[in-house]
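*Asks:* Here is what each chain is made of, one letter per residue.
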Amino acid sequence: MLKLIGRRLVQMVLIILVASLLLFVIFDTPQFKKRLAVQELGGFAVSALSEADYQEWLASRGLDVPFYQRYVDWMGNILTGDFGFSYEKNTEVGPLLASRLANTGILALCVFALMIPISLTLGVLSGMREGSPLDRSITFISVFTTSIPEIATAIILTVVLALGLGWLPAKSAMIQGFDVKQLILPVLTLVIYDFGYVARMTRASMAEVMTSQYIRTAVLKGIPYRRVVMKHALRNALIAPFTVIVLQLNWLLSGVVVVEVFFEYDGFGKLLLEAALFPDVEVVQACTLAAVVVAVTSQIISDVGYTFLNPRIRFS
Amino acid sequence: MPEAATSSAATLEAVQPATGETPVLECRNLCISYFTRAGEIPAVVDFNMKLMPGEAQGIVGESGCGKSTVALAIMQYMGKNGRVVGGEILFEGRDMRTMSEEELRQIRGSKIAMVYQEPMASLNPAMTIGDQLAEVPIFHESVSKDEALSRARKMLESVRLPDPDRILSSYPHQISGGQQQRVVIAMALLSNPKLLLLDEPTTALDVTVEAGIVELIKDIAAEFGTSMIYISHNLGLILETCDRITVMYSGEAVEVGSIKDVFDAMRHPYTRGLFASIPVPGADKNSHPLVSIPGQLPLPHQRPPGCNFGPRCDFFVKDRCDVGAIPMTEIGNGDHHASRCVRVDEIDWDSTIGAGDESEPTVPGDVVLKVDGMTKHYEIEKGALFFSGEKHTVKANEKLNFDAREAETVAIVGESGCGKSTFAKVLMGLETATEGSVAIGNVDLAEMPVDQRGPETISNLQMVFQNPFDTLNPSHTVGGQIARVIRKFGAETDEKKVKARVMELLDIVKLPRDFAKRRPRQLSGGQKQRVGIARAFAGNPSVVIADEPVSALDVSVQAAVTELLMDIQRENRTTLLFISHDLSVVRYLADRIVVMYLGQIMEQGTTDEIFSPPYHPYTEALLSAVPIADTHVKKRKVLLTGEIPSPSNPPKGCPFSTRCPYMIAGTCDTIPPPIVEFSHGHRIACHLPRDELAAMEPVIQIEKEPAHVA
Numbered sequence: 001m002l003k004l005i006g007r008r009l010v011q012m013v014l015i016i017l018v019a020s021l022l023l024f025v026i027f028d029t030p031q032f033k034k035r036l037a038v039q040e041l042g043g044f045a046v047s048a049l050s051e052a053d054y055q056e057w058l059a060s061r062g063l064d065v066p067f068y069q070r071y072v073d074w075m076g077n078i079l080t081g082d083f084g085f086s087y088e089k090n091t092e093v094g095p096l097l098a099s100r101l102a103n104t105g106i107l108a109l110c111v112f113a114l115m116i117p118i119s120l121t122l123g124v125l126s127g128m129r130e131g132s133p134l135d136r137s138i139t140f141i142s143v144f145t146t147s148i149p150e151i152a153t154a155i156i157l158t159v160v161l162a163l164g165l166g167w168l169p170a171k172s173a174m175i176q177g178f179d180v181k182q183l184i185l186p187v188l189t190l191v192i193y194d195f196g197y198v199a200r201m202t203r204a205s206m207a208e209v210m211t212s213q214y215i216r217t218a219v220l221k222g223i224p225y226r227r228v229v230m231k232h233a234l235r236n237a238l239i240a241p242f243t244v245i246v247l248q249l250n251w252l253l254s255g256v257v258v259v260e261v262f263f264e265y266d267g268f269g270k271l272l273l274e275a276a277l278f279p280d281v282e283v284v285q286a287c288t289l290a291a292v293v294v295a296v297t298s299q300i301i302s303d304v305g306y307t308f309l310n311p312r313i314r315f316s
Numbered sequence: 001m002p003e004a005a006t007s008s009a010a011t012l013e014a015v016q017p018a019t020g021e022t023p024v025l026e027c028r029n030l031c032i033s034y035f036t037r038a039g040e041i042p043a044v045v046d047f048n049m050k051l052m053p054g055e056a057q058g059i060v061g062e063s064g065c066g067k068s069t070v071a072l073a074i075m076q077y078m079g080k081n082g083r084v085v086g087g088e089i090l091f092e093g094r095d096m097r098t099m100s101e102e103e104l105r106q107i108r109g110s111k112i113a114m115v116y117q118e119p120m121a122s123l124n125p126a127m128t129i130g131d132q133l134a135e136v137p138i139f140h141e142s143v144s145k146d147e148a149l150s151r152a153r154k155m156l157e158s159v160r161l162p163d164p165d166r167i168l169s170s171y172p173h174q175i176s177g178g179q180q181q182r183v184v185i186a187m188a189l190l191s192n193p194k195l196l197l198l199d200e201p202t203t204a205l206d207v208t209v210e211a212g213i214v215e216l217i218k219d220i221a222a223e224f225g226t227s228m229i230y231i232s233h234n235l236g237l238i239l240e241t242c243d244r245i246t247v248m249y250s251g252e253a254v255e256v257g258s259i260k261d262v263f264d265a266m267r268h269p270y271t272r273g274l275f276a277s278i279p280v281p282g283a284d285k286n287s288h289p290l291v292s293i294p295g296q297l298p299l300p301h302q303r304p305p306g307c308n309f310g311p312r313c314d315f316f317v318k319d320r321c322d323v324g325a326i327p328m329t330e331i332g333n334g335d336h337h338a339s340r341c342v343r344v345d346e347i348d349w350d351s352t353i354g355a356g357d358e359s360e361p362t363v364p365g366d367v368v369l370k371v372d373g374m375t376k377h378y379e380i381e382k383g384a385l386f387f388s389g390e391k392h393t394v395k396a397n398e399k400l401n402f403d404a405r406e407a408e409t410v411a412i413v414g415e416s417g418c419g420k421s422t423f424a425k426v427l428m429g430l431e432t433a434t435e436g437s438v439a440i441g442n443v444d445l446a447e448m449p450v451d452q453r454g455p456e457t458i459s460n461l462q463m464v465f466q467n468p469f470d471t472l473n474p475s476h477t478v479g480g481q482i483a484r485v486i487r488k489f490g491a492e493t494d495e496k497k498v499k500a501r502v503m504e505l506l507d508i509v510k511l512p513r514d515f516a517k518r519r520p521r522q523l524s525g526g527q528k529q530r531v532g533i534a535r536a537f538a539g540n541p542s543v544v545i546a547d548e549p550v551s552a553l554d555v556s557v558q559a560a561v562t563e564l565l566m567d568i569q570r571e572n573r574t575t576l577l578f579i580s581h582d583l584s585v586v587r588y589l590a591d592r593i594v595v596m597y598l599g600q601i602m603e604q605g606t607t608d609e610i611f612s613p614p615y616h617p618y619t620e621a622l623l624s625a626v627p628i629a630d631t632h633v634k635k636r637k638v639l640l641t642g643e644i645p646s647p648s649n650p651p652k653g654c655p656f657s658t659r660c661p662y663m664i665a666g667t668c669d670t671i672p673p674p675i676v677e678f679s680h681g682h683r684i685a686c687h688l689p690r691d692e693l694a695a696m697e698p699v700i701q702i703e704k705e706p707a708h709v710a
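Chains A and B are the protein sequences, given in the same order.
Numbered by the numbering used here, the letters in the first sequence go through residues 1 to 316 in order.
Numbered by the numbering used here, the letters in the second sequence go through residues 1 to 710 in order.
Certain hints may be false.
Mimicking DSSO-like on lysine-lysine, the simulated pairs with C-alpha atoms at most 27 Å apart in a straight line are [said to hold, decoys possible]: (1) B/Lys-218 - B/Lys-637; (2) B/Lys-145 - A/Lys-231; (3) B/Lys-154 - A/Lys-231.
To give an idea of the chain B side of the interface with chain A (calculated C-beta under 10 Å), a few residues [said to hold, decoys possible]: (4) Tyr-77; (5) Ala-113; (6) Asp-131; (7) Ser-191.
Calculated directly from the structure, the hints in this document are not laboratory data.
Every residue gets a Cβ at the ideal spot worked out from N, C-alpha and C, and that includes glycine.
Model the full structure from these sequences, guided by the hints.
*Replies:* As structure tokens, this is what we get:
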């Protein structure tokens, strides 16, 4: 187990190194730097930028030192907790990233709290009796909701619940501080989009378990059907969806861009988009780092959890 | 001892006076169908059975004959698309079809219990064995969990599992296959059922383990008075366990009767064909070849009119055998002996079955394959959970020494984990040996992986695989696959000649030429294996390894494929290495036998030398364990206790010492056994003194007179 986690952590460090190096190389090309300079200095075109101005800008941003040295410095700073400076937002990247991650974290938590019980219940009910009317309706609904893009769901919900009925605020910018009401629409949008996927995974897993020989053994042992499902089928059927659910964590982090931007919710996705459009190099780099860490961490959680759920692996 | 015979006779007598009693189970004109998109498919038609208390009945038949369907129908568990469409299933006089779900639940697991073919798949992988066992008394007798667990513990003891406490807290994957099956049997017995259904309970197990389970089942029947239905494809097992037998073919019972009537005076052509196609002692590849049943099993929706066996039957008469439904006919002289044959009174049942073609024994030539001190060790990392570089050695093969001559069949026999497959892998170049040499001619192959071998070497050494279903590429035609091999080996390059050679090979394996255009899914298992054989022989190999080539096939097809392999071998003077766990087949076709256990050779010699004393104690147990479908055979019982040790942690000294009944403490468990040579080539690796080995009694004896006198 420790070995597994260790291996994953080494993997994480490697991925971070490769990804950040890649970004560094791209951002270090003269073309890119010149474009950035023009944007910040307020010129019209790269051709209009004088060499002197460019050099001055480079020096002011500390970009005149050699590439490898900057990379090592950047790495060293990160280890001391300094994530750089956002020239667009005129603030330290570290605290900015932390507050945005926290916002997305709240969103993700709400989505999970709602989605997991819904999708697991539906998936289990549906997989328990494959081909029954209930199964068919659940399958239809989950395919339907997953097929509609988030943006469409977001628009429909806003039009109906916010603009039409006026029950909920249309935007989630939270200007007057945190407001739970503003959280409802983005959470609903994400849950509607995502629950179908997890429900179908659970259904497939449950249906497979229900046809297995040990379920036959349990039924022919004469124990009540309820217990066959709750005690024998469920645990085995949840092993596969568990992995999927944990990997949704990763999806929520980068996949919520559309929803966050639409509802003007100040989360990680929105930050990433803004930084990429500007382009705010240090923020993009810090965000990449965060994304890699979350991706690998969710992978570790899913591996460890899988081992825990599956005695065949735990005791081998 | 003819224990099997005497005990079955005793139970028969016990049953006879009880005819006034209600049968435990009665099936009357039972018809079961599956409903698929293609329509209704009758799986079982007109099935009758009357099972008295304490009686054991066997159902025997090939795959697809409906034997498992009968068992599941008795349990009323047929899935969504299976249904009883006619007849009755009476359990203690009540029709099970009219019972509610709740009534069925109360009967299942308490009055009727079942033991399944694959113990591993039948146990819940995520629950401890204790929890799974305890459920039975908890839900049927509403006892407390502690009480349930202590009953479970007691039951584990009575199925002779060592260390029941450890097993109670284990998960299924932590114990061996034989132990798992004992757990399933314990689970079935926990509520003391009236009826026990056993669906191929030992098919997935090794022979010596199987022998233990069979013994256990017999003891249980005697001790608890449980009625049993024993389903198997193995006639020998039915003989050892049952009082009566039902032979099924293509969804119908074709012959029913007491063991002695059906085994010694069969009255249906299919039963007769079945017995002629299994290798029993006395059959011999040269003077007494097997007779296979021609043709193949019809698919359920393609059954012929009239008798299902008609198209494959020697006694088929047009306009009599192919009209109308054929009823069961009672045969007057027997003990409720009946046959589903319209010509049962006309056929001369004493006539010898159309004898197979006799042939001259082949004379082996020079040594072709020489294995000298071949050793294969695997290094695995120990303790996957922690950082530790500790290495662990699995001794898959340890100093193998033997050779094989031209045109000779050498069988390598052993149970799982004995290293026979590892040896085949090294020979084929999929693994390299750790030490020693394996030479074909002058080429040493031991450390030459397959990608370093020239086409000549590869084509010279080919393999027929165990599972014909997975070894043919499903998206290529049969002809294409054979032609590819011919081109690869450079046997022929001209396209016309390649094609001609493909046709020739199809002729050799007795497949119609237009099969070249077919794809594997259009072929039956036996036909696929023929293609596998054609492919192996495409490059005129001098050595062919056949790894359990017939074990995945049905009995009646096995004989045909075995005969084919023998014929081609005889024709080409090929050296055949036949890897098998089935001693009956091996006795029939091998010239010499190598007996392996846990990676080492325990005994080797000619077939006669292996089958008669002196034996290695393991060979002795192995011979005693193999069920033989012949009432004239007397077997001496040698039962082994314990399980096969893991090859990653073999016993010091003799690998067999942990289970050997002759174990000499202090010697066998510490010092590797010396090799004792009896005659030239007959070698036994054992510590027992020479004269003690020589004084052993034969295990298998054939009586001249039938064991049962009618």
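*Asks:* Evaluate each hint against the coordinates.
*Replies:* Each hint tested on the structure:
no. : hint                  : in the structure
1   : B/Lys-218 - B/Lys-637 : holds, 14 Å
2   : B/Lys-145 - A/Lys-231 : holds, 15 Å
3   : B/Lys-154 - A/Lys-231 : holds, 24 Å
4   : Tyr-77                : holds, 6 Å
5   : Ala-113               : holds, 8 Å
6   : Asp-131               : holds, 8 Å
7   : Ser-191               : holds, 8 Å
In summary, this structure violates none of the numbered hints.
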